Each structure stands twice: as C-alpha cells, then as structure tokens.
Amino acid sequence: MAVYEANKQMIGPADARTLISTTRTIAMGLALTQEEYLRIMMIYGQAIERMELEQEERSEELTDREVVERYIKKCNYTWTVERLIHAYRMNQQGRYVSHTAEDCIKNCGAELWRLAEKEER
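Under full-length UniProt numbering, think of the first position of the sequence shown as 1, with each following residue one higher.
Hints are not guaranteed to be accurate.
What the hints assert, rightly or not - Derived Cβ-Cβ restraints for the label pairs, each shown as a range:
hint : residue 1 : residue 2 : range
1    : Arg50     : Cys75     : 22 to 32 Å
2    : His86     : Glu54     : 16 to 26 Å
3    : Gln55     : Asp103    : 16 to 26 Å
4    : His86     : Glu56     : 51 to 61 Å
5    : Ser98     : Glu52     : 26 to 36 Å
6    : Leu62     : Asp103    : 17 to 27 Å
7    : Gln34     : Asn107    : 39 to 49 Å
8    : Glu52     : Thr100    : 21 to 31 Å
9    : Glu120    : Thr78     : 22 to 32 Å
10   : Thr100    : Thr63     : 19 to 29 Å
11   : His99     : Glu120    : 19 to 29 Å
12   : Glu52     : Trp113    : 21 to 31 Å
13   : Asp64     : Ser98     : 15 to 25 Å
14   : Lys106    : Leu62     : 33 to 43 Å
To be verified - Under the rule of at most 20 Å between Cα atoms (straight-line distance), these lysine to aspartate or glutamate pairs were calculated in the EDC-like manner:
hint : residue 1 : residue 2
15   : Lys74     : Glu61
16   : Lys106    : Glu117
17   : Lys118    : Glu66
18   : Lys106    : Glu82
19   : Lys73     : Glu117
20   : Lys74     : Glu56
21   : Lys74     : Glu102
22   : Lys106    : Asp64
23   : Lys74     : Glu117
24   : Lys118    : Glu61
25   : Lys118    : Glu69
26   : Lys73     : Glu61
27   : Lys74     : Asp64
28   : Lys106    : Glu49
29   : Lys118    : Glu82
Simulated from the structure, these hints should not be mistaken for lab results. Everything numeric in this text was worked out from a predicted model, so none of it was measured. Just so it is clear, CB atoms sit at the ideal spot from N, CA and C, and this is done for glycine as well.
Hey, can you work out the whole structure from these sequences and the hints?
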C-alpha cells in the first residue's frame, strides 16, 4: 500500500494506465513482504477493472455511425458509411458484395441495420 500511495504522490493525478504501470515497476524493484505485494496486486487488478469499465462506457456512448466509421478506419478500408449501408442492403437481398464489405457487415451488422432502418424512414 505504501508503494501505491508513494507512487500516487510522486506522479500526481494521472490516468489509471500510468498509475498501474508505474506502481508495477516500483513494486518489482522493491523487496516487499508477501502481504504488501498482494495488496499492490489487488490495487493493480482494481485499476485494470476500472479501465475496462471506463472503456466499455465510452464505447456505449458512440453512435452507430461512429462505430462503423471506427471499424472502417481500423481496417484501413476506403468505404464510406453511406456506401456500406447500400452494400448492406444488397447483401440482405442476396446480391454479391466485396469481401471488405462482407467483413464490415459481419462486424458492424447491428449498427448498419439500425442506420439502414433510419434512412428508410
């Protein structure tokens, strides 16, 4: 606990990832009792859980369009969201679409479905 608190004081307010990394580095370099080490690892685990929860909350805040745009960018595809919605509709009709379009439809199908429904209204 002392290592975590000292680390917290040393780096000031920081994001969880920096705090985790620095605490782990300091903990590995010190001769700690088993109790201190377990306490640090518990705090480390809690910080990781908090980071994952924050990331989930951020991803829930994204709109359907943003989710699709991020996937396109992540895969380095040249699709626009509008073209993908059109490809999604063609795919639903059993028509051929490219492999990259199929990949986007497979990974962003729910978002594309909602976007297609909104466009039809």
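Taking the hints in turn, this is what the structure says about them:
Here the CB-CB span from Arg50 to Cys75 is close to 29 Å, well matched to the stated 22 to 32 Å. A beta carbon spacing of about 35 Å between His86 and Glu54 contradicts the range 16 to 26 Å that was offered as a hint. Between Gln55 and Asp103 the Cβ separation comes to about 23 Å, which falls inside the hinted range of 16 to 26 Å. For the pair His86 and Glu56, the supplied restraint of 51 to 61 Å is violated, since their beta-carbon distance comes to about 31 Å.
Separated by about 34 Å at the C-beta atoms, Ser98 and Glu52 satisfy the suggested range of 26 to 36 Å. Between Leu62 and Asp103 the CB atoms are about 19 Å apart, so this pair conforms to the stated range of 17 to 27 Å. Look at Gln34 against Asn107: about 45 Å separates their beta carbons, and that is inside 39 to 49 Å. Checked against the hint of 21 to 31 Å, the pair Glu52 and Thr100 passes, with Cβ atoms roughly 30 Å apart.
A C-beta distance of roughly 25 Å is found between Glu120 and Thr78, which places it inside the suggested range of 22 to 32 Å. Between Thr100 and Thr63 the beta carbon distance is about 22 Å. The supplied range of 19 to 29 Å therefore holds. In this structure the hint that His99 and Glu120 lie 19 to 29 Å apart at CB holds, the actual value being about 26 Å. Remark: the range hint 21 to 31 Å for Glu52 to Trp113 is upheld by a beta-carbon distance near 27 Å.
Separated by about 21 Å at the C-beta atoms, Asp64 and Ser98 satisfy the suggested range of 15 to 25 Å. For Lys106 and Leu62, the Cβ-Cβ distance of about 19 Å falls outside the hinted range of 33 to 43 Å, so the restraint is violated. Among the hinted pairs, Lys74 with Glu61 is consistent with the structure: their alpha-carbon atoms are about 18 Å apart, no more than 20 Å. At roughly 17 Å between alpha-carbon atoms, Lys106 and Glu117 fall within 20 Å of each other, so this suggested pair holds.
Between Lys118 and Glu66 the alpha-carbon distance is near 15 Å, which keeps this suggested pair within the 20 Å criterion. Note on Lys106 and Glu82: the hinted pairing holds, with a Cα-Cα distance of about 16 Å set against a maximum of 20 Å. Distance restraint check for Lys73 and Glu117: the Cα-Cα separation of roughly 23 Å exceeds the 20 Å cut-off, and the hinted pair is therefore not satisfied. For the given pair, Lys74 sits about 18 Å from Glu56 by alpha-carbon distance, which is consistent with the 20 Å threshold.
Taking the CA atoms of Lys74 and Glu102, the gap is about 15 Å. The hint holds against a cut of 20 Å. Restraint check for Lys106 and Asp64: the C-alpha separation of about 14 Å stays at or below 20 Å, so the hint holds. Taken as a hint, the Lys74 and Glu117 pair is broken in the structure, with Cα atoms around 25 Å apart against an allowance of 20 Å. For the given pair, Lys118 sits about 18 Å from Glu61 by alpha-carbon distance, which is consistent with the 20 Å threshold.
For the hint pairing Lys118 with Glu69, the CA-to-CA distance comes to about 17 Å; that is within 20 Å, so the pair holds. The hinted pair formed by Lys73 and Glu61 meets the criterion: a straight-line CA distance of about 18 Å does not exceed 20 Å. The suggested pairing of Lys74 with Asp64 holds, with an alpha-carbon distance near 15 Å, which does not exceed 20 Å. Between the alpha carbons of Lys106 and Glu49 the distance comes to roughly 28 Å, so the proposed pair goes past 20 Å and is violated.
The suggested pairing of Lys118 with Glu82 holds, with an alpha-carbon distance near 12 Å, which does not exceed 20 Å.
Hint check: violations occur at hints 2, 4, 14, 19, 23 and 28; the rest are consistent with the structure.
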